[in-house]
Structures are given as structure tokens and as C-alpha cells.
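With the hints as constraints, model all of the structure from the sequences given.
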Amino acid sequence: MMFAPAPFLLKDASVSQVMTQVCMALIPGIAAYSWLVGPAILIQLTIASLTALLAEALMLYLRDKPLALFLSDGSAVVTAWLIALTFPPLAPWWLVTTGTVFAIVFAKHIYGGLGQNPFNPAMVAFAVCIVAFPAQMSQWPNIGLEQSLVDQLNIILGLAPRVDALSGATPLDAMKTALKLGDGQVDIAHLLANQDIYGNFAGRGWEWVATGYLLGGLWLWQRKLITWHAPFAFLAALISLSGALWLYQPATFASPLFHLLSGGAMLGAFFIVTDPVSGCTTPRGKLIFGAGVGLLAYIIRVFGGYPDGVAFAILLMNLSAPVIDLLTQPKIFGLKAAGKGERR
Amino acid sequence: MLKQLFKFKGGVKPPTNKTQSTTLPIAGAPIPSRLVVPLHQSIGGTPRPVVQAGDTVLKGQLIGEADGWISAAVHAPTSGTVVDVGMYVQPHPSGLDAQCVVIEPDGRDQWIAHAPFDYAHATPDAVRHYLQQSGVVGLGGAVFPTHGKLTASKTVPMDELIINGAECEPFITCDDLLMRERAEDVVRGIGVFRDLLKPKKVLIGIEDNKPEAAAAMRAAVNALGEQFLVVQVPTLYPAGGAKQLIRVLTGKEVPASKRSTDLGVQCFNVATAYTAWCAIATGQPVISRLVTVSGNVQAPRNYEVLIGTPMGELLQLGQPHPDTDGIVMGGPMMGFLVPNDTVPVVKATNCLIAHSERLFPPKAPEMPCIRCGACGEACPHELQPFELYWNARARNFGKTQEFHIFDCIECGCCSFVCPSRIPLVQYFRFAKSEIWAREREKNAADEAKVRFEFKQYREEREKAEKAEKLAKAAAAQAAKKAAEAAAIAAVESPSETPAPAPTEATGNTPLPAVDPAQDAKKAAIAAAMARAKAQREAAQPKNTETLNADQARELADIEARRQQAGIVEARTAVPPPSDAATQKAE
Chain A
1 MMFAPAPFLL KDASVSQVMT QVCMALIPGI AAYSWLVGPA ILIQLTIASL TALLAEALML
61 YLRDKPLALF LSDGSAVVTA WLIALTFPPL APWWLVTTGT VFAIVFAKHI YGGLGQNPFN
121 PAMVAFAVCI VAFPAQMSQW PNIGLEQSLV DQLNIILGLA PRVDALSGAT PLDAMKTALK
181 LGDGQVDIAH LLANQDIYGN FAGRGWEWVA TGYLLGGLWL WQRKLITWHA PFAFLAALIS
241 LSGALWLYQP ATFASPLFHL LSGGAMLGAF FIVTDPVSGC TTPRGKLIFG AGVGLLAYII
301 RVFGGYPDGV AFAILLMNLS APVIDLLTQP KIFGLKAAGK GERR
Chain B
1 MLKQLFKFKG GVKPPTNKTQ STTLPIAGAP IPSRLVVPLH QSIGGTPRPV VQAGDTVLKG
61 QLIGEADGWI SAAVHAPTSG TVVDVGMYVQ PHPSGLDAQC VVIEPDGRDQ WIAHAPFDYA
121 HATPDAVRHY LQQSGVVGLG GAVFPTHGKL TASKTVPMDE LIINGAECEP FITCDDLLMR
181 ERAEDVVRGI GVFRDLLKPK KVLIGIEDNK PEAAAAMRAA VNALGEQFLV VQVPTLYPAG
241 GAKQLIRVLT GKEVPASKRS TDLGVQCFNV ATAYTAWCAI ATGQPVISRL VTVSGNVQAP
301 RNYEVLIGTP MGELLQLGQP HPDTDGIVMG GPMMGFLVPN DTVPVVKATN CLIAHSERLF
361 PPKAPEMPCI RCGACGEACP HELQPFELYW NARARNFGKT QEFHIFDCIE CGCCSFVCPS
421 RIPLVQYFRF AKSEIWARER EKNAADEAKV RFEFKQYREE REKAEKAEKL AKAAAAQAAK
481 KAAEAAAIAA VESPSETPAP APTEATGNTP LPAVDPAQDA KKAAIAAAMA RAKAQREAAQ
541 PKNTETLNAD QARELADIEA RRQQAGIVEA RTAVPPPSDA ATQKAE
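If you read the sequences in order, they're chains A and B. Just so it is clear: in the first sequence, position 136 is 136 by this note's numbering, and no numbers are missing. Just so it is clear: in the second sequence, position 289 is 289 by this note's numbering, and no numbers are missing.
Derived from the structure by calculation, the hints contain no laboratory data. Hints should not be assumed to be uniformly reliable.
[Said to hold, decoys possible] Derived SDA-like pairs: lysine to any residue, alpha-carbon spacing no greater than 25 Å straight-line:
(1) A/336 x B/391
(2) B/13 x A/221
(3) A/224 x B/9
(4) B/469 x B/481
(5) B/154 x B/111
(6) B/9 x A/257
Small disclaimer: the values here were computed from a predicted structure and weren't measured.
Structural data, given as C-alpha cells:
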């Protein structure tokens, strides 16, 4: 007689299903992205995915874990995609490779692999690369490039020279620099109206990529793969802080909408703040976690020295997540009214 | 008949698989070739066998006598010969043996003389006693002796009596068919419970996937002129869990640390009410029950089955498919594979499911937890199963208690939804049993310590007593000598006053010197006794700490009854820690 514990009936669910759905939710954002800068992003996604799977296989082999089981769980691919989407699309191939290897080897497997990492691996990759390779990580192409797949592939592989059009700053970064150089003489309305990189609300084109992520995120929420708490708290905190400062001094502080649709805000809100492994798990904990990321992200991106603050904000909150979880344990069935002391 | 319903959080919706076994009416299962009747079929004391190998028994004859208040009698399911009273493998995942009475049926199925119970003229105590003697126990699965739940709390008014006909586990339909076919007897049984508990309201909860049963019950309630409310509750596993049904019908939440009666609620299964009424109306004890035979079988159906029927023989009635590789007792969410097909049907057996890999595909390999929180969403007790899992896995059992592991009802919702296919409930059972084992060890150590300290105290006391005796003897000796000396002195020099002599004598005798020493010893004895007492008192609540509130109450009840009955010997496994304690108990 075999040993099989109850329940004998199981819902059709698996880790790979969860990861596949996360990837599917990224597709609207990716579509907008590739429409914006061309097939470069698809090349980066491919490089990152292959690197992630190779690094994962190597680590599984070294750790003596079943390769097929864990390679097919899809978690490495999710990490790879998030890395590719946060790195500059025309960055050299070795940059995204370095980030991915670092994410899989150090941020994930050194800590014990799937489910054990205290920090979000993609954000670790971003943080490591922006500290180690600030120049390469800050070169964003102008949009509307008329480049073919082969042209872009050659640039990424380092076979073609990089031209100026490929090495602009992000809209966020450009604004910060302009405000700094302008030294109080330049105001935001002027910048938005006169610089080519700004669109209707935020960076031209990028605002639609952000909207794509928003759509994907809402789909994840509707599928009950994520709850509303963390994204809501993140966006609410970002809007509150940016809104307050914008109302106070609209000339030097951009509007909440600009911040929502710039940089990694939307991607972070729905795909990274919601990472269950490195984030909080209790409902109140998710609210605190999300709000903390929102506030820190704004502070770092506006007052700090880096082009965007989402990655650092998330890593900082990852640090606090276990404590927040411990302090926000929900009351259980039958013990909601009763005080804590009643139970031994 | 609108009633406000409440929701419980979590819950899952597994495929119900109930229709297969509801198409045919209840059938009687034939008398098997051999009946193996376990004596321990209910929570509480193991009934003592009152027959031995070679005895002939009649159908309904007492074969196991209730042991204590929380225990229920066991009866011969048919007439025949007792061939053995011995250890046989039980329908339990452990596969352990327990004492059983094995009966070889004579085929005549001859009843022992019995008569209906004079319910109209019986006192509540007599009714409870009668139900105990008839072997009426909770048939919803917990098999708690029913009479033990039929005394209303003296302090909390009984607001609601809940009758559980929810039957939320997939595949199981025995309560459904019972309510469809025998609703009037069920309602009469509920009437008995109502008479004993005097609740303000009686609510019968039935999942809304059983409209026929609800209709039958409503008709029976109306026909008998009762005021019971038949409520259809949403189909959501585990709505049939007592705590969930109480929540849905009354809004009250019963934590693990409390009994439902503390909140003015009591809950019984419909089949329990039915057997209680049958025992009263016919005088026949509980010797059979309804069992659903389903799963990987050609002919799923409900059978009225004699207790003790080997499960393999019962399953054959359903014509299992050739790829059947095991028998699940209970439902697919909380049931278990029985050790082999000779294990008997017991009072807790509501369903047999023929197991096959086609029906229940083998589980995918266990993956690491990704903390997705699906288990927390599904948990009807609003626990954080993944936190329990991390801590149980790390053998961090203290932490599992902080995360309320004993509020887990092992319903399996968390395992059902887990994308990493972690057998979460198994981890929780493991943690619970480890905690119990540790508490037992700790209690044993505490008891040993108390015994040791008492021994030390006794030796000290004996030494002190001896010293006292010696001192007294010495004092007497000294006094005598002094007196003799005085007498001699008086004789030798009668002019001298005798007064200084006693003073001298007292100064030399050990008596005054002994006094402070004795005081010190007395103080030491008193301190030792106080210490022993304090330890005993500290140890005793720890003993009961492992028990849940029900069991603690049970124990108190048992003690009270013992004292009433004048049974004085302390039958607890705990050896009397001291003379004083034994005397107190007496």
C-alpha cells in the first residue's frame, strides 16, 4: 500500500502556472516597448532568458537538485524578463548577462534557491549594475529609432558603433539634470513643453509602456495571483508624496501622473512589489511594504543621485519585510475580539 | 423562512462527485462472513469487553461496557459466536492494532430481547444514561459520545442547537440519503436533543447542493409540528465543519481554546440524531450505520452496514474497477487510506472510496514554498499555513503554537490550493504530534521530580522524627539522672535546697538545646511541604494544558461522578505525589 496523505483531490495549480501567468501579464508592456524602440528589447529578453536558464541549470547542478523540475518552474524566466525590462534596451549584451548571472547565482541560489531569496533578484541585478556600470546603465535610446533587427543586434553585440542617439538619459533623469543645471531658472512646464523626450504625461512613448504594465497588473489582480494591497499602497504613497510637493511647488516638482508613468513605477507596482517571496504576505504588511517602497522610490528618484529609485526602495523594504510580517499577523478565526493574552 | 447567513473566510470548491451515489436508495449490506468489532469506537475510555471467546451472543447484546462517563457501550451487530477478543488492525492511518471482539455470525440475526425506551417518563439523566448504554456517538466523524454533549452549560444560556446536515466533503452522500429517506426519525431525534438542551432556536444546516434532503427535512419538521428552521447554506468546503457551520448559521466563531457551549451553541450531526431516536423508539442500540460506497466503483451507492464489516467485503458490493489500489475511509479531503481491506467499518466510517491513480492522480513532486499566500486565502480559520509550514519544517514548534497551530482543523484547504504541492496538513499533524510528545515527556519529568522531592521530604521527616525521639529519650534520661542525683543529694545533705539542682539539670539536659534545632527542622519540613505543594500545583495545570477544553471538562466530569459514585481510588496514571494529596483526593 502506498502512502498518500489527504487531500486526494487537488486544485490544478503549480508554480510554473503561476510564473507563466506573470510572464503573460508582462506582454502588453513588452508590446508597447518593442513598438517604441524596436526589436532590441526582444533581443535583450532572449539574452536574459537564456543566461538565466543556463545559470539556473549550473546552480541546480552544483546544488544537486533535480534540473528538469526546477528549470521548468519558470521562476528564472520571470527574473530574466524583469531584468531585461529594467535595463537599457540597447545596452551591450554583457551588461544584461552580468546582471542576470548575478541575480540567479547570488541573489537566488546562494540564499537557497526558489522561495528562499530575501531580496528580489531582478532588483539586485539592477542595483549591482547601476552601481558597477553607471554609464552603460544610463544610456537610453531616443525613441522612434529607424533601426532594423540586425542593426540593433549589432549594437547590442558591440559589432556596430554606438551613436549619440542611443545614449540619452531617461525622461526622469533628464528632468533631474535639467532642473539642477537650470538652477531655479528652468521650470517643469517649460521642460515638458520644449523637450522632445516628453509626451503627454511623462516620457514620450514610455508612458504607454507603463500603461501596458498597468493593464497586465490588473489582469494578474483579476486572476487573483496578486492582491490589491501592495500595488495600491505603492501607487497611493507615490501619488501622495509627489502630489503634495507638486501642489507646493509645481515649477520644481513634477506632477503625480509624471511620476506614475515614469521609470519603473508601474512595473514595480504590479510585478516587483507583489513578489511574494521577498515581499510581505499579510494584508496589513503588504500595505506597509507597498507604501514604504512608494515613499522611498520617490525620495531616491527626486532627491537622490540615481536615475530611478524603485529598485533601491524595493531592496530596502525587502530588508524590513520579515519584521513587518511578524508585527502584522492577522487575527484568526474566533480570536478577533479576544486579546492576545487569552491564548497560551 | 429567510435567515441571515454569515460567511467564513477561505474555503475551497473541489468537484463534489456526489451525484454518482445518490441515484439509488439506501440498500442493506448483507451480513459478512465475520465481524471484527473494535471496542474503542468513540472518544474517551475504551469499553471493557464483557464477552470472551466461545460465548454466543445475540444481536444487540452488550459486548463492551462503557468505561467512565465519556465512553459509550458497544454491542454485537448480529447473533453468533465470539471467536476471539484480541488485537486487530484498525481503520486508522497508523495501522496500529486495538482490542476487538470478533464474531462469527450464525446467520439467524436473532435479536436480544429489547423494548422501546419510555422516553415520555424518563428524567434527562436517565435519557443520557440510556443513550450512553445504546452506544450513541457523534456520527459526523468525531465520534464523541453524544450523551456527554447533552448537558446544557449552567452559566451560558443555550441559544442555538445546530444540526449538521451540510455534508461538505466530496463523494459522501450518506447524510443526504438519510435525510431524504428517514427525515422524520431525524427530526424526532433532534426533538430529543432539544428537550435535553432547551435551546432558544434549532437550526438545521444543509448545503444547497442537496435540495431534496432540505425539502424532506422541511416536510418532516412541518409534519411533526416542530419549530426547527431548515437552512440551506452555500456549498463551500468545509461548510460542514462544526465551527464553520456554527459561523455560517449564527455568526459566532469558536476558537480552539473554547467549547461551542461557552458561546451558547451545541452541534450534532443528522445521523447522530437519527440513531438517538432509533435507540429510544425501538430499544435497538447502534449496531449499524449508513456508509457511502463510491469512487472507482461501477455501482456507487449508500448501504446500511453492520459495524465490524470488513471494508473489503463492503467495497465489493460497489464492484470496484480492477485498477482499484486502496480504500479511502472518509472523503477525499480529510480521509485516509486504510492499512488493508480487512479493517472493519466503525461508527466513524461515513464513506469508502475505492482509490485508483485514475481517480486521484499521483501528486506532482513537492516544490519549495514561494509564499504566494494561496493557503492563507483558503484557510477557513484564517491561519497563515505557510508560516506554520516554515516553522514546522524547521522543527520550531514553539513558533507554530504562536501561529495557532492548534486552531488548524486539518481540513486540507491549504494543501488543495498549494501550487508547490506541499502536503501542508501533514506538516501540521507532525508538528502537533511532536508538541504532544514533548508535553508528555515534560509531564513525566515533572511527575518524577515531584516524586523525588517527596521522597527527599519523607526521608528528611523521618530523620527529624528519629532525632526528636532520641532527643526526648535523652531528655527523659537526663531528667531521670538529675532527679536521681537530687534524691541522692537530698538524702546525703538534706539541709541543701533542691532548687539549684533542677536549674543545673535543665542547663545540662539537651532539651532546651534541642528546641531551636527542632524548630529549624520543623521549618525545613514545612518549607519542603510547601515546595512540594507549589510544584504539584504548578505541575497539575501543565498536565491539563495538553488537553483541550472539552477533554478538561470531561475529566472534571469524570472526577465529579467518581466522587459521587464513591469510587475513591485514584485511577489516573499520575502516582499520588504525596500523602497529603492522596488524602485530599479521598
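Hints versus structure:
1. A C-alpha spacing of about 23 Å is found between residue 336 of chain A and residue 391 of chain B, which places the hinted pair at or below 25 Å, so the restraint holds.
2. Restraint check for residue 13 of chain B and residue 221 of chain A: satisfied, since their Cα atoms lie roughly 20 Å apart, inside the 25 Å limit.
3. A C-alpha spacing of about 15 Å is found between residue 224 of chain A and residue 9 of chain B, which places the hinted pair at or below 25 Å, so the restraint holds.
4. Taking the CA atoms of residue 469 of chain B and residue 481 of chain B, the gap is near 18 Å; set against the 25 Å cutoff, the hint holds.
5. Using a Cα cut-off of 25 Å, the hinted pair residue 154 of chain B and residue 111 of chain B is violated, with the two alpha carbons roughly 40 Å apart.
6. For the hint pairing residue 9 of chain B with residue 257 of chain A, the CA-to-CA distance comes to about 37 Å; that exceeds 25 Å, so the pair is violated.
In summary, the numbered hints that this structure violates are 5, 6.
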